[in-house]
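Enquirer: Take a look at the letters that make up each chain.
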Amino acid sequence: MAKKKTIRTIPQERTPIAHQDPGKRIKNFDEVALGYGLEDALNESERCLMCPETQCIPGCPVSIDIPGFIAKITAKDYRGAYDVLTQSNLLPAICGRVCPQEDQCEGLCTVGDTLEPVAIGRLERWIGDMAISEGWSNIPYREPNGFRIGIVGSGPAGIACAADMAKAGCDVTVFEAFHKPGGVLRYGIPEFRLPNAVIDAEIDALSKLGVRIKCNTLVGRLFTLEQMRNEMGFDAVFVGTGAGYPSFMDIPGESLNGVLSANELLTRCNLMHAGEFPDYDTPLHLGQRIAVIGSGNTAMDAMRVCLRLGAANVHCVYRRTRNESPARVEEIDHAEEEGVEFHWLAAPVEILGDDQNNVRGMRCIRMELGEPDESGRCRPVPVQGSEFEFEADMIVYAIGTNANPIIGQTSKLKLNKWGYLATDDTLATSMAGVYAGGDIVTGGATVILAMGAGRKAASSMKKYLGIRDTDSLHSTEIDDTITTLFGIDTREKNFARVRIA
Amino acid sequence: MGSTSSERTDLQKAFNTSPGLEDESAVEIIRREDFSDVTFMLEFHHPMMAKAAKPGQFVIVIPQEHGERIPLTIADFDRKKGTVTLVIQAVGKTTKEMQQTCHRGTPLFGVVGPMGTPSHIGNNKKVVCVGGGLGVAPVFPQARAFKESGAYVIGVIGFRNKELVFWEEKFRKYCDEFIICSDDGSVGIKGLVTDGIKLALKKHTDIDEVVAIGPPIMMKACAETTRPANIKTTVSLNPIMVDGTGMCGGCRVKIGEGIKFACVDGPDFDGHQVDFDDLMNRLKRFNEDEKKALERWSVSCRIRGKEAPPTGPRL
Ligand SMILES: Cc1cc2nc3c(=O)[nH]c(=O)nc-3n(C[C@H](O)[C@H](O)[C@H](O)COP(=O)(O)OP(=O)(O)OC[C@H]3O[C@@H](n4cnc5c(N)ncnc54)[C@H](O)[C@@H]3O)c2cc1C
Ligand SMILES: Cc1cc2nc3c(=O)[nH]c(=O)nc-3n(C[C@H](O)[C@H](O)[C@H](O)COP(=O)(O)OP(=O)(O)OC[C@H]3O[C@@H](n4cnc5c(N)ncnc54)[C@H](O)[C@@H]3O)c2cc1C
Ligand code: FES
Chain A
1 MAKKKTIRTI PQERTPIAHQ DPGKRIKNFD EVALGYGLED ALNESERCLM
51 CPETQCIPGC PVSIDIPGFI AKITAKDYRG AYDVLTQSNL LPAICGRVCP
101 QEDQCEGLCT VGDTLEPVAI GRLERWIGDM AISEGWSNIP YREPNGFRIG
151 IVGSGPAGIA CAADMAKAGC DVTVFEAFHK PGGVLRYGIP EFRLPNAVID
201 AEIDALSKLG VRIKCNTLVG RLFTLEQMRN EMGFDAVFVG TGAGYPSFMD
251 IPGESLNGVL SANELLTRCN LMHAGEFPDY DTPLHLGQRI AVIGSGNTAM
301 DAMRVCLRLG AANVHCVYRR TRNESPARVE EIDHAEEEGV EFHWLAAPVE
351 ILGDDQNNVR GMRCIRMELG EPDESGRCRP VPVQGSEFEF EADMIVYAIG
401 TNANPIIGQT SKLKLNKWGY LATDDTLATS MAGVYAGGDI VTGGATVILA
451 MGAGRKAASS MKKYLGIRDT DSLHSTEIDD TITTLFGIDT REKNFARVRI
501 A
Chain B
1 MGSTSSERTD LQKAFNTSPG LEDESAVEII RREDFSDVTF MLEFHHPMMA
51 KAAKPGQFVI VIPQEHGERI PLTIADFDRK KGTVTLVIQA VGKTTKEMQQ
101 TCHRGTPLFG VVGPMGTPSH IGNNKKVVCV GGGLGVAPVF PQARAFKESG
151 AYVIGVIGFR NKELVFWEEK FRKYCDEFII CSDDGSVGIK GLVTDGIKLA
201 LKKHTDIDEV VAIGPPIMMK ACAETTRPAN IKTTVSLNPI MVDGTGMCGG
251 CRVKIGEGIK FACVDGPDFD GHQVDFDDLM NRLKRFNEDE KKALERWSVS
301 CRIRGKEAPP TGPRL
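Residue numbers (this note's numbering), protein chains in the order written: chain A, 1 to 501; chain B, 1 to 315.
Do not rely on the hints blindly, as some may be mistaken.
DSS-like mimics (lysine-lysine), calculated; alpha carbons at most 30 Å apart, straight line [said to hold, decoys possible]:
{"hint": "1", "chain 1": "B", "residue 1": "K254", "chain 2": "A", "residue 2": "K414"}
{"hint": "2", "chain 1": "B", "residue 1": "K291", "chain 2": "A", "residue 2": "K27"}
{"hint": "3", "chain 1": "B", "residue 1": "K284", "chain 2": "A", "residue 2": "K180"}
{"hint": "4", "chain 1": "B", "residue 1": "K54", "chain 2": "B", "residue 2": "K232"}
{"hint": "5", "chain 1": "B", "residue 1": "K203", "chain 2": "A", "residue 2": "K180"}
{"hint": "6", "chain 1": "B", "residue 1": "K203", "chain 2": "B", "residue 2": "K125"}
{"hint": "7", "chain 1": "B", "residue 1": "K51", "chain 2": "A", "residue 2": "K414"}
{"hint": "8", "chain 1": "B", "residue 1": "K162", "chain 2": "B", "residue 2": "K190"}
{"hint": "9", "chain 1": "B", "residue 1": "K260", "chain 2": "B", "residue 2": "K190"}
{"hint": "10", "chain 1": "B", "residue 1": "K170", "chain 2": "B", "residue 2": "K51"}
{"hint": "11", "chain 1": "A", "residue 1": "K412", "chain 2": "B", "residue 2": "K173"}
{"hint": "12", "chain 1": "B", "residue 1": "K292", "chain 2": "A", "residue 2": "K180"}
{"hint": "13", "chain 1": "A", "residue 1": "K412", "chain 2": "B", "residue 2": "K260"}
{"hint": "14", "chain 1": "B", "residue 1": "K96", "chain 2": "B", "residue 2": "K170"}
{"hint": "15", "chain 1": "A", "residue 1": "K180", "chain 2": "B", "residue 2": "K170"}
{"hint": "16", "chain 1": "A", "residue 1": "K180", "chain 2": "B", "residue 2": "K291"}
{"hint": "17", "chain 1": "B", "residue 1": "K173", "chain 2": "A", "residue 2": "K180"}
{"hint": "18", "chain 1": "B", "residue 1": "K203", "chain 2": "B", "residue 2": "K254"}
{"hint": "19", "chain 1": "A", "residue 1": "K414", "chain 2": "B", "residue 2": "K292"}
{"hint": "20", "chain 1": "A", "residue 1": "K412", "chain 2": "B", "residue 2": "K292"}
{"hint": "21", "chain 1": "B", "residue 1": "K126", "chain 2": "B", "residue 2": "K96"}
{"hint": "22", "chain 1": "B", "residue 1": "K54", "chain 2": "A", "residue 2": "K180"}
{"hint": "23", "chain 1": "B", "residue 1": "K96", "chain 2": "A", "residue 2": "K27"}
{"hint": "24", "chain 1": "B", "residue 1": "K254", "chain 2": "A", "residue 2": "K417"}
{"hint": "25", "chain 1": "B", "residue 1": "K220", "chain 2": "A", "residue 2": "K412"}
Hints in this document: simulated from the structure, not taken from any laboratory.
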């Protein structure tokens with residue numbers, strides 16, 4: 001056994017990660033953060049103090065045993081580290097790249113009180129990437145149980161739910177409206193942040209579990225949730241259709257040509273390859289002086305895509321300051337390095353057009369920070385008489401999304417007052433056997449939260465179907481207080497279920 | 001919950017034989033018919049979609065792997081045969097390429113649908129269904145549905161000239177009255193569809209609804225024709241789309257004071273509320289790029305044409 005580590009004995013510096021040089025990377029779509037090598041990972045794993053009372057785990061939405069997997073790295077048991085990770089997280093290569101670690105595990109890391117926190121996300125990614133290149137997967141053998149499960153949407157919520165149900169022995173089919181699976185991971189987050197190869201590998205792992213993925217299938221319109229449950233014979237259904245439906249601001253000039261949502265810009269580029277127009281047929285008509293409104297991950301992605309496609313000037317206009325920006329810190333840093341100009345405390349009040357109905361700029365107003373609002377962030381207040389004109393030939397809205405209406409339009413599912421699907425604590429919707437999770441329940445959130453919701457719903461679906469759930473990690477959080485009934489574990493409902501063929 | 005076993009096997013069967021669903025095959029074209037130099041009809045096999053399709057809905061087609069997602073209205077569907085019909089006008093790169101490459105047996109890279117909110121057929125007693133040029137195809141399923149729901153249907157269709165006429169008989173079959181117009185008078189009355197609407201309005205004072213589909217400028221004129229008499233007028237909007245699922249907002253249109261996404265909130269809207277000028281401006285968004293794509297494609301066709309003239313039967 002190694003000597004007990006203390007804050008003084010561990011490597012003091014956080015192991016840096018190699019990055020593509022900003023000057024070079026804005027000319028390509030290759031990944032920006034290059035990932036750890038073996039030495040880097042071993043060195044960084046040494047920085048974990050293996051706290052007996054872990055601070056970091058409660059910060060993880062899916063409660064990964066963080067010291068557990070890092071200890072395996074230190075012991076050079078990489079496969080073991082992967083096994084620990086995948087007990088809680090099915091997509092380590094993805095989450096290691098896109099989780100807002102600074103607000104989650106790393107934000108609570110004890111080392112972070114004195115030094116820079118352990119680079120948990122980078123270690124997670126390193127293991128995830130190794131699993132992909134080594135072809136590791138954890139496929140438990142399960143007797144097929146004859147249950148048919150339908151999953152609507154192939155984003156992280158749907159993928160996670162599908163995997164858990166398949167592992168439990170169910171026959172799982174995922175339906176996706178687009179021609180490629182992955183949800184936001186595919187059409188939203190660009191290649192340089194999350195390579196398609198990584199998504200393909202994770203989808204491939206899903207197929208290995210026997211999950212079928214049917215693209216080009218718009219559920220609600222091609223068939224309804226009711227039909228899935230009845231005529232089509234799905235014993236349970238999970239809805240993970242994401243938030244979608246981008247918001248606009250309802251200010252004059254929004255329908256001018258050259259004004260578009262970040263979702264449209266990113267979909268045209270990431271899914272439809274507009275950057276390769278005319279080899280691919282989908283155009284984008286990129287501007288040269290682009291203003292992106294908003295400062296979340298979506299805004300950062302939109303701006304950095306524009307730079308790579310050759311826009312001369314890219315500006316970020318945000319009504320609060322950098323401190324309140326919802327984007328991952330790393331993304332803001334990267335955008336800045338790449339030459340994005342930030343204009344904090346400003347908001348558009350009108351979009352201005354030329355005589356051809358093309359955008360020529362916008363009128364903005366300066367803001368100052370007032371009292372904190374419900375979200376705890378300071379409310380931006382317009383400064384009277386501070387209006388100014390801002391020149392731009394393309395304006396991109398990245399100010400959030402609303403609930404996608406299709407499932408609501410085509411089913412009787414109860415919605416909450418914002419139009420998202422209403423669920424109870426177990427993620428059950430108002431229709432028996434139909435569960436929902438991810439952005440369509442919470443509104444725009446994060447990959448790991450969507451995945452966690454998919455897994456939680458899977459756990460509830462198993463209970464509903466009477467499949468014994470060995471996944472104690474998740475069943476505990478949804479268990480009601482009564483866990484036994486006449487001395488029988490309530491989770492074991494299969495004793496009472498008679499299955500009619 | 002109350003589904004009979006025959007219903008269950010029915011839908012299950014449709015599910016099992018629909019392309020891209022239970023079997024992995026691409027959607028395959030089973031019939032093509034050319035109506036004119038620029039207009040052609042494609043029929044493909046997709047039992048599930050044929051079962052689900054309702055008047056007013058559309059599909060998004062991705063013709064080939066590098067292709068664009070283009071919206072096309074479902075012009076007909078046959079639930080028994082399990083087929084869906086599209087009528088396409090070759091206007092730009094994608095549709096011209098489809099005109100050249102899509103024949104019987106050609107697979108389409110992707111077809112998704114039905115999309116959009118179905119038309120409201122309701123309990124109307126008397127309706128006018130107006131189709132301008134290509135618009136005859138998308139308005140056909142509505143005319144048929146109105147007829148089948150027991151309404152008195154007045155069909156008004158218009159073309160530039162006789163050569164462009166298609167589906168006249170098919171359409172007439174579901175109409176109690178039928179007016180055909182042409183710009184040059186080579187067929188039917190000489191005049192625009194708005195003249196046909198005026199005729200109908202003069203003769204009938206109890207029209208519940210006018211449904212008009214065609215180019216935006218025509219739908220605008222129809223809405224103006226019915227506005228004085230305040231007759232409910234429904235139009236089907238065709239803004240540029242990407243996903244067709246409400247995710248991008250590219251298809252947003254101005255309806256009254258608000259913004260709607262045509263792909264999920266429409267494509268049918270109250271014609272008296274639509275800002276047609278806004279729609280027409282937004283359709284010009286990519287004009288430069290579209291021209292570039294078409295030119296490049298035409299050049300590549302000429303080059304290929306020299307090396308190997310296109311062969312194969314034109315069905
Ligand atoms: C540009 C961008 C960048 C982001 N960056 C980050 C980040 O760095 N880190 C992070 O943690 N989070 C990030 N997020 C947020 C994160 O991606 C989402 O919270 C997460 O993807 C939600 O997952 P989901 O499974 O609920 O839905 P989605 O990922 O939205 O997937 C839903 C899927 O369902 C499909 N669908 C919808 N309706 C139907 C239907 N009727 N029938 C069939 N299929 C349907 C959609 O096509 C889609 O593929 C980002 C989001 C965006 C837009
Ligand atoms: C709901 C809906 C239903 C439609 N139904 C039919 C139909 O049944 N038959 C038919 O022939 N056409 C229909 N269209 C129009 C058809 O989608 C366009 O003609 C087609 O996308 C043009 O592509 P292109 O590459 O050939 O031409 P392009 O060179 O790209 O464009 C030619 C013109 O078509 C318009 N256009 C371009 N892209 C789109 C797009 N994605 N969506 C809409 N318009 C576009 C532009 O105004 C442009 O000026 C429909 C459009 C919508 C939105
Ligand atoms: S086409 Fe994207 S929202 Fe309608």
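Enquirer: Determine for every hint whether it applies to the structure shown.
Expert: Here is what the structure says about each hint:
no., hint, in the structure
1, B:K254 - A:K414, "holds, 29 Å"
2, B:K291 - A:K27, "holds, 27 Å"
3, B:K284 - A:K180, "holds, 29 Å"
4, B:K54 - B:K232, "holds, 21 Å"
5, B:K203 - A:K180, "violated, 53 Å"
6, B:K203 - B:K125, "holds, 15 Å"
7, B:K51 - A:K414, "holds, 26 Å"
8, B:K162 - B:K190, "holds, 11 Å"
9, B:K260 - B:K190, "violated, 36 Å"
10, B:K170 - B:K51, "holds, 21 Å"
11, A:K412 - B:K173, "violated, 37 Å"
12, B:K292 - A:K180, "holds, 27 Å"
13, A:K412 - B:K260, "holds, 22 Å"
14, B:K96 - B:K170, "holds, 26 Å"
15, A:K180 - B:K170, "violated, 38 Å"
16, A:K180 - B:K291, "holds, 28 Å"
17, B:K173 - A:K180, "violated, 42 Å"
18, B:K203 - B:K254, "violated, 33 Å"
19, A:K414 - B:K292, "violated, 48 Å"
20, A:K412 - B:K292, "violated, 46 Å"
21, B:K126 - B:K96, "violated, 38 Å"
22, B:K54 - A:K180, "holds, 26 Å"
23, B:K96 - A:K27, "violated, 34 Å"
24, B:K254 - A:K417, "holds, 24 Å"
25, B:K220 - A:K412, "violated, 35 Å"
Hints 5, 9, 11, 15, 17, 18, 19, 20, 21, 23, 25 from the list above are not met by this structure, while the remaining hints are.
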